[in-house]
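A.B. asks: Protein sequence lines, in the order shown, are assigned to chains A and B. Residue numbers for the first sequence follow the UniProt record's numbering, beginning at 1 and rising by one. Residue numbers for the second sequence follow the UniProt record's numbering, beginning at 1 and rising by one.
These are calculated hints, taken from the structure and not from any lab test. Source: prediction; values computed, not measured.
Below, simulated PhoX-like cross-link-like pairs (lysine-lysine); rule was C-alpha separation at most 25 Å, straight line: (1) B:291 - A:343; (2) B:328 - A:350; (3) A:350 - B:308; (4) B:73 - B:182.
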Amino acid sequence: MELPQLEHARLRRHDSAASVPQFCNSPTMIVMVGLPARGKTYISKKLTRYLNWIGVPTKMFNVGQYRREAVKIYKNFEFFKPDNEEAMKIRKACAAAALKDVALYFTKEQGQVAVFDATNTTRERRAIILSFAMEMGYKVFFVESICDDPEIIAENIKQVKFGSPDYADRDIDEAMEDFIQRIDCYRASYMPIDDEKDRKLSYIKIFDVGSRYLVNRVQDHIQSRIVYYLMNIHVTPRSIYLSRHGESELNLLGRIGGDTGLSPRGQKYASALATFIKGQKISDLKVWTSHMKRTVQTAEALGVQYEQWKALNEIDAGVCEELTYEEIQENFPEEFALRDQDKYRYRYPKGESYEDLVHRLEPVIMELERQENVLVICHQAVMRCLLAYFLDKPADELPYLRCPLHTVLKLTPIAYGCKVEPFFLNIEAVNTHRERPMNVNVSRKPEEALQTVPDHI
Amino acid sequence: MMRGCSSRSKLSQNQDRAVCMTNCPTLIVTVGLPARGKTYISKKLTRYLNWIGVPTREFNVGQYRREFVKIYKSFEFFRPDNEEGLKIRRQCASAALNDVREYLTEDGGQVAVFDATNTTRERRETILEFAEQNGFKVFFVESVCEDPDVIQENIVQVKLGSPDYTNCNTEEAVEDFMKRIKCYENSYETLDEVLDRDLSYIKIMDVGQRYLVNRVLDHIQSRIVYYLMNIHITPRSIYLCRHGESELNVKGRIGGDSGLTIRGKEFAKKLSHFIQEQNISDLKVWTSQMKRTIQTAEALNVPYEQWKVLNEIDAGVCEELMYEEIQKNYPLEFALRDQDKYRYRYPKGESYEDLVQRLEPVIMELERQENVLVICHQAVMRCLLAYFLDKTAEELPYLKCPLHTVLKLTPVAYGCKVESIGLNVDAVNTHRERPANVNVHRTAEDALQTVPPHL
Numbered sequence: 001m002e003l004p005q006l007e008h009a010r011l012r013r014h015d016s017a018a019s020v021p022q023f024c025n026s027p028t029m030i031v032m033v034g035l036p037a038r039g040k041t042y043i044s045k046k047l048t049r050y051l052n053w054i055g056v057p058t059k060m061f062n063v064g065q066y067r068r069e070a071v072k073i074y075k076n077f078e079f080f081k082p083d084n085e086e087a088m089k090i091r092k093a094c095a096a097a098a099l100k101d102v103a104l105y106f107t108k109e110q111g112q113v114a115v116f117d118a119t120n121t122t123r124e125r126r127a128i129i130l131s132f133a134m135e136m137g138y139k140v141f142f143v144e145s146i147c148d149d150p151e152i153i154a155e156n157i158k159q160v161k162f163g164s165p166d167y168a169d170r171d172i173d174e175a176m177e178d179f180i181q182r183i184d185c186y187r188a189s190y191m192p193i194d195d196e197k198d199r200k201l202s203y204i205k206i207f208d209v210g211s212r213y214l215v216n217r218v219q220d221h222i223q224s225r226i227v228y229y230l231m232n233i234h235v236t237p238r239s240i241y242l243s244r245h246g247e248s249e250l251n252l253l254g255r256i257g258g259d260t261g262l263s264p265r266g267q268k269y270a271s272a273l274a275t276f277i278k279g280q281k282i283s284d285l286k287v288w289t290s291h292m293k294r295t296v297q298t299a300e301a302l303g304v305q306y307e308q309w310k311a312l313n314e315i316d317a318g319v320c321e322e323l324t325y326e327e328i329q330e331n332f333p334e335e336f337a338l339r340d341q342d343k344y345r346y347r348y349p350k351g352e353s354y355e356d357l358v359h360r361l362e363p364v365i366m367e368l369e370r371q372e373n374v375l376v377i378c379h380q381a382v383m384r385c386l387l388a389y390f391l392d393k394p395a396d397e398l399p400y401l402r403c404p405l406h407t408v409l410k411l412t413p414i415a416y417g418c419k420v421e422p423f424f425l426n427i428e429a430v431n432t433h434r435e436r437p438m439n440v441n442v443s444r445k446p447e448e449a450l451q452t453v454p455d456h457i
Numbered sequence: 001m002m003r004g005c006s007s008r009s010k011l012s013q014n015q016d017r018a019v020c021m022t023n024c025p026t027l028i029v030t031v032g033l034p035a036r037g038k039t040y041i042s043k044k045l046t047r048y049l050n051w052i053g054v055p056t057r058e059f060n061v062g063q064y065r066r067e068f069v070k071i072y073k074s075f076e077f078f079r080p081d082n083e084e085g086l087k088i089r090r091q092c093a094s095a096a097l098n099d100v101r102e103y104l105t106e107d108g109g110q111v112a113v114f115d116a117t118n119t120t121r122e123r124r125e126t127i128l129e130f131a132e133q134n135g136f137k138v139f140f141v142e143s144v145c146e147d148p149d150v151i152q153e154n155i156v157q158v159k160l161g162s163p164d165y166t167n168c169n170t171e172e173a174v175e176d177f178m179k180r181i182k183c184y185e186n187s188y189e190t191l192d193e194v195l196d197r198d199l200s201y202i203k204i205m206d207v208g209q210r211y212l213v214n215r216v217l218d219h220i221q222s223r224i225v226y227y228l229m230n231i232h233i234t235p236r237s238i239y240l241c242r243h244g245e246s247e248l249n250v251k252g253r254i255g256g257d258s259g260l261t262i263r264g265k266e267f268a269k270k271l272s273h274f275i276q277e278q279n280i281s282d283l284k285v286w287t288s289q290m291k292r293t294i295q296t297a298e299a300l301n302v303p304y305e306q307w308k309v310l311n312e313i314d315a316g317v318c319e320e321l322m323y324e325e326i327q328k329n330y331p332l333e334f335a336l337r338d339q340d341k342y343r344y345r346y347p348k349g350e351s352y353e354d355l356v357q358r359l360e361p362v363i364m365e366l367e368r369q370e371n372v373l374v375i376c377h378q379a380v381m382r383c384l385l386a387y388f389l390d391k392t393a394e395e396l397p398y399l400k401c402p403l404h405t406v407l408k409l410t411p412v413a414y415g416c417k418v419e420s421i422g423l424n425v426d427a428v429n430t431h432r433e434r435p436a437n438v439n440v441h442r443t444a445e446d447a448l449q450t451v452p453p454h455l
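Make the full structure from the sequences, and use the hints.
C.D. replies: Structure follows, in C-alpha cells:
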C-alpha cells in the first residue's frame, strides 16, 4: 500500500483529472475578429473563465488595455482614424507588445491558451498574427463576431462602453456619438474572414449573437470544446439561483456526506424557499436537484416540477463518508493534513477531489449556459464549484468559498461579469464551513487540526 | 437517460425513468444528393443517441422503396420525368412519415431520423407541415460534397453491396449510380442561408471541413451538432482490452484497486509485442486511474493518458466482495441486480447506466481521434463495445469481454468490423451469466449458479 503522498504524486504526473485530456501539446491562440461593440471582449472573458474552470490555463490579452496604458488619456475617435499615422504606429506597437506577452505566457507561465482580444479586422493584421504563431509553433483559432443589428450594438455600447475608462468624463450622448464614429473608422477597412481565401484557417464565425455559426477546420479537442461552448452561450437576460438543500440531520451532527433527510429547520427552509421563489415572480423557472434525499426533499416543498441530476450529488468523501471532523482526525490524521495542504486536488481515499467534482459538473455548467432562469438546489462542495465558475474564482479559493445553509445566491449576468445577491431566508442553521487551519503539517497536533471545525451536536 | 436526470419522484432506486429534456419529439431530416453520407450519418447518429439513452430510430425511405418495388431495374426509376416512379417515391415517403408518427407518438420514441435525399424545397415543406401538425421539432442535416474521390469511395463502400446492385458487376453498378445521382442534381435546392433562415439545421461541407449551423433550438439539437462536428471518416482502428489479470480477479473479488498477477504482467508484455507488430501509426494509449490498467500500460513503454472516467464501475458496498459474499450479505440486492443489470445501482455505487453517462466524453474523444488503444475494465469495456456494436441496454451488461483478449474495431461501411485477438496468456474467467432464477426468494445455489470458478 503506497504512502498517501506518493499516490498523490503518482497521479499528478499524468495530469488527467482535469476535464480536458492533455492532448494539446502546442499552445493555442484564440484570435478575436470583429468591429467594435460586437461582443469580442464579452466572449473573450467568458471563454477564458470557462477554460480556466475546466482546468486549461488560459489568459486574455486585450489590446485596448495596452493602448490605454500607452496613451494615458483618450481624447476622441480621431485616434482611430485610418489616416492617423502616429496613432497607427502606437496601435501596431501595442499589438506587438501584446503578442510578446502571449509568448511569455506560454513559455514562462505554462499557459495553454491565450485569447488575443482586438478587432483584428484587416487581413494584414491577421497575417502578422499567423506568421508570429507559425514561427513560435502555436495553433491559431479565429473567433469572428458579425452583427449588424443596431439595437444589439446600441445595447452593447450602453452596457460596457459607457463604463470604460475612455469615457469616464463624458456624458452618455457624447460617448455614444464618439463611439459610433469610432466604429466607422474600422468599417471601411474591415475584411471579414473569407470563406474562400481563408479556407485553410481554423475559425468560427458567429452571426447575430448566435443565431447562426460557420465553423471551419476544427483541428483538435480544445478547439472542438471551444466551439461547443461558444455555440451554447447566449446573452438573453436571466438569473441563476444557487442554494444548498435545507439543513440535514447529518449537518446537525457535524457529519460530512451521507444521504439523510432534512431536519425540522431544514423543512422550514424548504417552505421559506417556496415562498421566496414565488415572490421573485420568475418566468419559466427550471428547478434542478441532485439524487440525494436532502435536495429532493427541499425541492418537493416548492410544488413545481424539478429534474434530478446525479452529477449534482455532493462530493464523495470515500472512507470519510458520514464521519465528523474529529473522527477523521482520529482515524486518518495524515489524510486530514494532506487535504488541508491542497484542498482542491486532494482526493479522499475511495472518494473524489474538488478537481473531480469540476469535471463532473461541466455538463451542468454547459446546460446552465443554454438555459435561462434556473434554480439549482445542491450541496456545499458542488455549490462552491458552480459559484467559482460564475465568479471566476481560482482553484485555491474555490474550496473555501462561503456557501452557508439557508441562503440563496441570485446570480445575474451583467456587462462582463455576474452580479451576486445573497438572500438569507431567516431560518437558523448550523455552520458547516471549515476554514483552512494555520497548521497543515502532517505532524500537527489534533487541537491544531480541529481548530477551525464549526460547532455541532 | 440524458445527463442523469430521472423521474420526479424516485420510488425505489431501480425505477428511474428518463425525463426528456426536450418536451416534444424531434425529427431529424437528412438532405443531400445520393452518396453524400446521409445514411452513414443517420445510422451513426441513431446509434449514438440510443447509447446515451435517447430512444431513436432511423427511417430510410430507400428501404421503403425497395420493399414496394421488389426489383430495381435501373436509374431510369429516378428520372424526374418518370411519373410512375415519382408517384411510388411519394407514397414511400408518406409511408415512412406515417411510421415516424407512430414511433414518436405511440412507441415512446424521442427522435426519428428521416433518411432520404429531401433535395427539393417542396419535399421539405411537406415534411415541415407534417411535423407542425404533429408537434415535432425539425432539425435538418445536410451533407454537401463535390469531391469526386470521396463520392467514388462512398459508392464503392456502400452502394455496390446494396440490394439494388446484387446482380450487376462493379462497372455497371457505378455507371448506373452516377446516372442516378444526375437525376437529382437538376432539382437540388440546397438549404439557403436567406430563404431558410428560420429553419434549424446543420450543413456539413466536404466531409466535415466546414459546418454551417443555424438556429439550434434546444439541448438535444446542441448535442447532435456537437457529435456531428466530432465524427470523421478517416480510416483507423480502435483497440479495446482489459488490464492484465489482477490479484483480486484470481480471488474472485469484484472492484478494488489491486495490482497485476504474474500472468497479468505476462499479458502486458505480450500486449506490448502485439502493439509493436501491428505497426500502428500515431497510436494513443488510454488507461483508467487504477493500478491494474496503469501497470499494463507501463509495459508498453509509450506515453499514455490516464482518464478517471475509465475507472471500473463502483460497486459501492459490494466493493472487493466475492459473489458468494454478496449473496450472503446482500441477497436482495444480488437478485435485483440480476433482474435489471443495466439500471441496477449498487448501494453507494453505480449502475451501468451511470457508467454510460460518465463514458460519454470518452466516446466523443474516441470519435475525434484516430488510432487508439484503450486499456480499461470489464464493465467499462462492455459499455464502449455496446456503443461501437450498437448493442441494446439489455445485452450490454452481458457482453463477453474476457481478460487477455484484445478487440480490434475497424469502421467499415455502415458498421464496425471486430477482430478478437487472444494473446495466449491464461487468465481466470470473470464473466457471470444471468442465472435462470432472478427471483428475490431464490436459493443461494440458484443465485450462485453462474459464478465462474476462482481461488
